[in-house]
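Engineer: Sequence:
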Amino acid sequence: MCGRFTQKSEKPEIELEFSVDTFLYEPAASYNIAPAQKAGIIAISDGISFSMLSWGIKSPWPGKPPLINARAETILEKKTFIPLVQSCRCLVPCSGYYEWRKTVSGKTPFFIYQEAAPLFALAGIYSPQSCDQQSTFCIITAKACPELNFIHERMPLVINKSDYQKWLTGNFTTLLFPPKSCAFSMYEVSSMVNNPACNNPLCIQRVN
Numbered sequence: 000m001c002g003r004f005t006q007k008s009e010k011p012e013i014e015l016e017f018s019v020d021t022f023l024y025e026p027a028a029s030y031n032i033a034p035a036q037k038a039g040i041i042a043i044s045d046g047i048s049f050s051m052l053s054w055g056i057k058s059p060w061p062g063k064p065p066l067i068n069a070r071a072e073t074i075l076e077k078k079t080f081i082p083l084v085q086s087c088r089c090l091v092p093c094s095g096y097y098e099w100r101k102t103v104s105g106k107t108p109f110f111i112y113q114e115a116a117p118l119f120a121l122a123g124i125y126s127p128q129s130c131d132q133q134s135t136f137c138i139i140t141a142k143a144c145p146e147l148n149f150i151h152e153r154m155p156l157v158i159n160k161s162d163y164q165k166w167l168t169g170n171f172t173t174l175l176f177p178p179k180s181c182a183f184s185m186y187e188v189s190s191m192v193n194n195p196a197c198n199n200p201l202c203i204q205r206v207n
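Those letters in the sequence shown? Residues 0 to 207, per numbering that gives the first Met the number 0, in order.
Rather than coming from a laboratory, the hints here were simulated on the basis of the structure.
Check before you lean on any hint, since a few could be wrong.
[What the hints assert, rightly or not] Simulated pairs of lysine-lysine, BS3-like, Cα-Cα distance not exceeding 27 angstroms: (1) 77 x 179; (2) 101 x 179; (3) 10 x 37; (4) 37 x 179; (5) 106 x 179; (6) 142 x 77; (7) 179 x 57; (8) 101 x 78.
[Stated by the list, open to error] Pairwise CB distance ranges, derived in the manner of DEER restraints: (9) 201 x 176: 32 to 40 angstroms; (10) 11 x 62: 39 to 47 angstroms; (11) 165 x 127: 20 to 28 angstroms; (12) 82 x 204: 38 to 46 angstroms; (13) 105 x 25: 33 to 41 angstroms; (14) 201 x 82: 39 to 47 angstroms; (15) 201 x 127: 32 to 40 angstroms; (16) 34 x 165: 23 to 31 angstroms.
Idealized CB from N, CA, C, for every residue including glycine.
Could you build all of it, start to finish, from the sequences and the hints given here?
Structural biologist: Here's what the structure looks like:
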């Protein structure tokens with residue numbers, strides 16, 4: 000799964016990377032985005048727009064927590080996700096994400112990032128604002144590539160820059176099946192990232 004991630008790129012970088020036409024909100028650096036918190040997304044709305052939405056789509060089951068992830072393998076089969084993946088796809092700007100490796104002594108957090116791409120995009124879907132709820136989004140996940148499988152069996156689905164437009168407006172289904180290899184690097188970080196209230200550059204600092 001993907002339960003924490005970072006967005007630390009500034010407005011000019013986001014504008015250049017995603018060819019943004021309109022900023023509905025000002026981007027803000029965040030080093031530990033957790034479910035229910037707001038994060039930046041890229042979607043089609045009178046051109047390519049950047050906005051801030053809460054992370055977690057309302058669950059169709061009463062009393063259940065919001066859905067922060069959707070599996071790429073089954074997203075076209077789930078009633079909750081079908082209308083959203085068909086017409087409400089988005090890109091989630093990302094500088095890296097956190098994943099926890101289970102060990103005999105507990106869970107160890109890792110920061111996972113792309114050395115060649117300080118800013119990249121995760122596949123997402125969003126639920127538009129309605130009379131009884133605000134706009135929200137969730138991140139699509141896929142099976143982890145071999146390089147990351149020792150940490151966790153799932154990873155966020157990454158959309159290559161050459162496929163941004165295809166994901167937002169085109170025939171997107173082939174993008175739900177990522178290549179088996181990936182270009183991620185990773186290192187262990189402090190357990191301070193376990194606390195959603197901790198949101199500063201120390202969160203991504205390498206632990207020796």
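Engineer: Next, verify each hint and record whether it holds.
Structural biologist: Now the hints, each set against the structure:
no. : hint                          : result
1   : 77 x 179                      : holds, 24 angstroms
2   : 101 x 179                     : holds, 23 angstroms
3   : 10 x 37                       : holds, 16 angstroms
4   : 37 x 179                      : violated, 31 angstroms
5   : 106 x 179                     : holds, 26 angstroms
6   : 142 x 77                      : holds, 18 angstroms
7   : 179 x 57                      : violated, 31 angstroms
8   : 101 x 78                      : violated, 32 angstroms
9   : 201 x 176: 32 to 40 angstroms : holds, 37 angstroms
10  : 11 x 62: 39 to 47 angstroms   : holds, 43 angstroms
11  : 165 x 127: 20 to 28 angstroms : holds, 21 angstroms
12  : 82 x 204: 38 to 46 angstroms  : holds, 41 angstroms
13  : 105 x 25: 33 to 41 angstroms  : holds, 38 angstroms
14  : 201 x 82: 39 to 47 angstroms  : holds, 41 angstroms
15  : 201 x 127: 32 to 40 angstroms : holds, 36 angstroms
16  : 34 x 165: 23 to 31 angstroms  : holds, 28 angstroms
In summary, the structure is inconsistent with hints 4, 7, 8 from the numbered list given earlier, while agreeing with the others.
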